[in-house]
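**Q** Going line by line, the protein sequences match chains A and B. Residue numbers for the first sequence, in the working numbering: 945 to 1337. Residue numbers for the second sequence, in the working numbering: 945 to 1337.
Derived by calculation from the structure, the hints in this document are not laboratory data. Note that CB positions come from ideal geometry on N, CA and C, so glycine has one too. Incorrect hints may appear among the rest.
[Stated by the list, open to error] Coverage of chain A stretches by chain B, computed from C-beta distances (three or more under 8 angstroms per stretch; other residues unrestricted):
| # | segment |
| --- | --- |
| 1 | 955-968 |
| 2 | 1137-1144 |
| 3 | 1168-1177 |
| 4 | 1257-1264 |
[What the hints assert, rightly or not] Per label pair, the in silico range of CB-to-CB distance:
| # | chain 1 | residue 1 | chain 2 | residue 2 | range |
| --- | --- | --- | --- | --- | --- |
| 5 | A | 1131 | B | 1155 | 17 to 27 angstroms |
| 6 | A | 1244 | B | 1290 | 28 to 38 angstroms |
| 7 | A | 1155 | B | 1128 | 13 to 23 angstroms |
| 8 | A | 1259 | B | 1244 | 27 to 37 angstroms |
| 9 | A | 946 | B | 985 | 23 to 33 angstroms |
| 10 | A | 1314 | B | 985 | 13 to 23 angstroms |
| 11 | B | 998 | A | 946 | 24 to 34 angstroms |
| 12 | B | 953 | A | 1072 | 19 to 29 angstroms |
| 13 | A | 1014 | B | 1182 | 48 to 58 angstroms |
| 14 | B | 1062 | A | 1259 | 34 to 44 angstroms |
| 15 | B | 1072 | A | 1259 | 46 to 56 angstroms |
[Said to hold, decoys possible] Below, simulated DSS-like cross-link-like pairs (lysine-lysine); rule was C-alpha separation at most 30 angstroms, straight line:
| # | chain 1 | residue 1 | chain 2 | residue 2 |
| --- | --- | --- | --- | --- |
| 16 | B | 972 | A | 1208 |
| 17 | A | 947 | B | 972 |
| 18 | A | 972 | B | 968 |
| 19 | A | 947 | B | 977 |
| 20 | B | 1303 | A | 1208 |
| 21 | A | 968 | B | 1208 |
| 22 | B | 1303 | B | 1069 |
| 23 | B | 971 | A | 1208 |
| 24 | B | 1070 | A | 971 |
| 25 | A | 947 | B | 1303 |
| 26 | B | 1322 | A | 960 |
| 27 | B | 1075 | A | 968 |
| 28 | B | 1075 | A | 977 |
| 29 | B | 960 | A | 1322 |
| 30 | A | 968 | B | 972 |
| 31 | B | 947 | A | 1131 |
| 32 | A | 977 | B | 972 |
| 33 | B | 972 | B | 997 |
| 34 | A | 1070 | B | 1075 |
| 35 | A | 1266 | B | 1255 |
| 36 | A | 1208 | A | 1266 |
| 37 | A | 1069 | B | 972 |
| 38 | A | 971 | B | 947 |
| 39 | A | 1075 | B | 1303 |
| 40 | A | 1069 | B | 971 |
2 protein chains.
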Amino acid sequence: MQKFTYYTPTQVVFGKETELEAGKLIKKYGGTKALIVYGGGSVVRSGLLNRVKDALSESGVAFAEWGGVKPNPRLSHAQAGAEYAISEKVDFVLAVGGGSTIDTAKGIAHGAANPGTDLWDIWTKKVPLEKSLPVGIILTISAAGSEMSDSAVLTNEEIGKKSRLGTVLNRPQFAIMNPELTYTLPKYQIACGIADIMMHTLERYFIPNQHNRMTDEIAEGLLRTVIDNGRIAVNDGADYDAMSEIMWCGSLSHNDLTGLGRVKDFSVHKFGHALSAKFDVAHGASLTTIWGDWANYVYENDPERFQHYGKAVWGIETEDVKAAAREAIERTVSYFKEIGMPTCLSELGVGILDEETLKKLSLDATMGGTIELSHIRKLNVQDVYQIFCMANH
Amino acid sequence: MQKFTYYTPTQVVFGKETELEAGKLIKKYGGTKALIVYGGGSVVRSGLLNRVKDALSESGVAFAEWGGVKPNPRLSHAQAGAEYAISEKVDFVLAVGGGSTIDTAKGIAHGAANPGTDLWDIWTKKVPLEKSLPVGIILTISAAGSEMSDSAVLTNEEIGKKSRLGTVLNRPQFAIMNPELTYTLPKYQIACGIADIMMHTLERYFIPNQHNRMTDEIAEGLLRTVIDNGRIAVNDGADYDAMSEIMWCGSLSHNDLTGLGRVKDFSVHKFGHALSAKFDVAHGASLTTIWGDWANYVYENDPERFQHYGKAVWGIETEDVKAAAREAIERTVSYFKEIGMPTCLSELGVGILDEETLKKLSLDATMGGTIELSHIRKLNVQDVYQIFCMANH
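Here chain A stands alone, though its shape is the one from the complex (with noise of 0.2 angstroms):
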């Protein structure tokens, strides 16, 4: 096991009705004037805004409101709810929503608690943060997990450039979590969240074995937990036991629990970024369409860490070593088609693409060809294009 630091701060508040007790925690966090973040229709006619808001009046905490967030959340959008937040003079940041609206809470809080600096620069660390105001969660997609993680995701659209900011300030100071709020998802989005935190762990957990078996055994878990509860979800959005467990699955999926004492390997959220920046899909989906071909292009230098995957997870009893770690891998890509992710580009919705394109996704997700991805299999920029290759059917 190696070194590891594990601080995850956040105040979970998780079952029925608990939107309703936003107000007292924003007191409780030193809020007075609370910016209201969120995306766009759902959270407005579901009449949740509404509730949110009379909660926090009922506290007696005042609040602004910032809508229209996005997926794939855009940089302007988060600097101009700053210097809203600035002009309303607000000391506190509610994000109702999921990981684009959450995700963009975190960027008006760090933007709105250093006035007069740009917020790309703090998010390249151009600019060391050293403060933000502080950020409460009301969750409604179950997938991300920005939640309870110290991260969050950006894109810079006059770039075209989508980038993470991992930092301590990232993480909430509370996060309120009730299933129900789930439930008007459409089956393609929560496939999306699903997807997402089953990626999140298997990001983590395909390292070369370090020991680290009570980090597995949680991997494991959660993996087996959200694959079962995700079959029932994608039928049944609204089956409380199952939502339930996915919306806890997502937080426990990226708050560090699930990667503790080994290196971190988000190699292919790289080839996802460089994917939904360029045509602006779906995180999850994203993730999917590489998964299978990344997984066959590494998994022969450590098949045995693939077969122990396959059986934990998946029950296959397979003694041949490599034979096993393929069938975990096809199981795994049959399970996203299953619940109705694509794994490829053309089920992506981007068509067949071209060498050049190719090539361009290649250099994102490699910042120019400067860095190497996975630590299973060290990928340079060469291995990086074969794979969007192999995926490019």
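Use these hints to put chain B onto chain A, whose structure you have.
**A** For chain B alone, coordinates are given in the frame of chain A:
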């Protein structure tokens, strides 16, 4: 899944030589002068105490010392420590040790932040606790889980009562965990720790099934991890991987993660606290002494839960539900014996007890017969007496 709140703000710093970061961490959490709380010989003999003092001095953190913590720590020692902390004007409490030292440090922190208040009044909630000093931990025994928990237990020796205080103010600011610091523990103490970790998990697990798949997965994975690594550890207490897994499992078993979404049931702890308040026996040993008889007394009310446990943790495939349940109990009791833990009162070293003592213990475990224990089968004071009688050989 029931409503729950999950809040574990303690920063875990895990790995070799992490104790050298103590001064830096105290400063990070606002401390300028720390009271170092510890037990006796080994922390001094091993040179750990001096290394810690040096680390504090290097970071410019002043300190005073409060040694002499005993197992089943005494209220009076914590109360005197709090008075010393006030006289020394410390603003931070650093525990260097295991559960007894940590719980004493928590008591000192509460007492020192509330001058003039009797610590027992705080412990019995006669006086509400609203503030405390920040606490940091350097863990040297994997067992109690107090390094991340909201719990602390002190014994009021004047009235012979061992009592638990649960409060968010019991969560330490940081917990330094270097598995190498546990290398020098005697085999029996390692085994007591393994038992304690298992029991923290089992107590949360044996609740009528309330659809908590992910919580169950974590609990079962944790038990498998501790059982396998426990076998290694009792034979070689200097196996880094085994001691790492046990240490991390110790924290996870008691930071709430293994019991989220269902009611809590610490009934065997109530038997155990009665035993160790009277006989000053090791906490883990007091629990294994009772668990098997407790399980045999209650399992027929929910044999499916015991069967599920047996399959997940011990690989028992027996189809007959009650037979499978009994087998699961037997395997658990056998494991306790295998690692050298007592499974009846004579093995605990208190001899065969007379009727009067057993009745007194039963009253102690049920607050004078005023409360019922367990959720699988409600146990009144007569039931508790029956279970003590079953263990009385």
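**Q** Identify every previously stated hint that the structure contradicts and give their numbers, smallest first.
**A** 2, 4, 6, 10, 14, 20, 25, 34, 39
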